[in-house]
Amino acid sequence: MCCNLFFSLQEHSIETPHGVLHVTLHGTRTTRRPAILTFHDVGLDSKSCFSPLFKFEEMQEIVKNFTLIHVDAPGQEEGAAAYPFKCVILTIILSFASFRTVIGVGVGAGAYVLSKFSIANPDSVEGLVLINIDTNARGWIDWAAQKLSSVTSSLTEQIVSHLFSQEELSSNTDLVQSHRERISKASNLVNIELFWKTYNSRRDLNIDRNSSFKCPVMLVVGDQAPYEDAAVECNSKMDPTTTSFLKPAKLTEAFKYFIQGMGYMASSCMTRLSRSRTTSLSSSYSMDGSRSRSRTLSQGSQGGQMPPSPSQTMEVSC
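Final position of the sequence shown in numbering that gives the first Met the number 0 is 317; the numbers increase by one with none missing.
Hint data in this document are derived by calculation from the structure and do not stem from the laboratory.
Among the clues, some could well be false.
[Unchecked claim] So the derived label-pair ranges between C-beta atoms look like this:
1) Thr240 - Ala119: 40 to 48 Å
2) Ser235 - Tyr256: 20 to 28 Å
3) Asn171 - Glu14: 37 to 45 Å
4) Thr240 - Ile91: 29 to 37 Å
5) Val231 - Ala80: 36 to 44 Å
6) Ser170 - Thr30: 17 to 25 Å
7) Pro121 - Ser235: 17 to 25 Å
8) Glu77 - Thr30: 27 to 35 Å
9) Ser169 - Glu10: 32 to 40 Å
10) Pro16 - Ser200: 33 to 41 Å
11) Phe244 - Ser169: 24 to 32 Å
12) Thr240 - Pro16: 37 to 45 Å
13) Gln223 - Arg202: 32 to 40 Å
All values derive from a computational prediction rather than experimental measurement.
No residue lacks a Cβ here, since even glycine has one placed at the ideal position from N, Cα and C.
Please construct the entire structure, taking both the sequences and the accompanying hints into account.
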């Protein structure tokens, strides 16, 4: 395997005991450092969620020094058939890519999946960047509200409401409209529905500062994000010596310094953000340069919902 060789996007279909998983590799092919493994939110795939972020000029130092592994949740990539299997096994992905450890970057549902993976496999994760995370199971009030929403709102509207703030929805920007149209016309809408139901059926992660994450963690949440309170609560349960909590700021810059703090990038490699790119955190984490409270997944934002039949339920866990 060659090192320090910059390569363009390489898409792979990985055979697992439960079916085929779609993965995209990008960056410098080297195993001397951990790979950066991304996992998107509901209503998005790896491209729509993370491509804008890693195309930022400020992120090119990262791309030139690390291998990026973008994972699509089962059936979420464009043109995917109906859910072919039940479970995401990230350890198989690491074995396929010949990496022993990763730095995880997750948004919404993806942040939950990576958190669960890290807790179960602490030796495989060297750091986590968790955007708009909610580590709690849905309570009865949330469950009832979800049931009502599923009756009164379409799957598309449920997902859009998950990805954008009320302020953004009210302004009805072109970005909101583009996501609404993309989701409503998705050929794999049944898979999006399954992912949404699975995420809304999640269990508490029972975060504890003494026994949960064994790696540095950067928590990110946008202003007025629906998951702001959940992220604040998660932060209160974390070890303050290894956790940083970031609200609207420069995500790209914060991410690079997070990597540097782990000892993987020399200070000489840290370039200043150009003035033309000093976007807010919500913009950066929304990954496309547009402002979003929970869209950290949709352009780094969230996801959608709608109950699938019991026989189709899948578990996005580790």
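Original post:
Honestly, which of those hints from before does the structure not fit?
Top reply: 1, 6, 10 and 13
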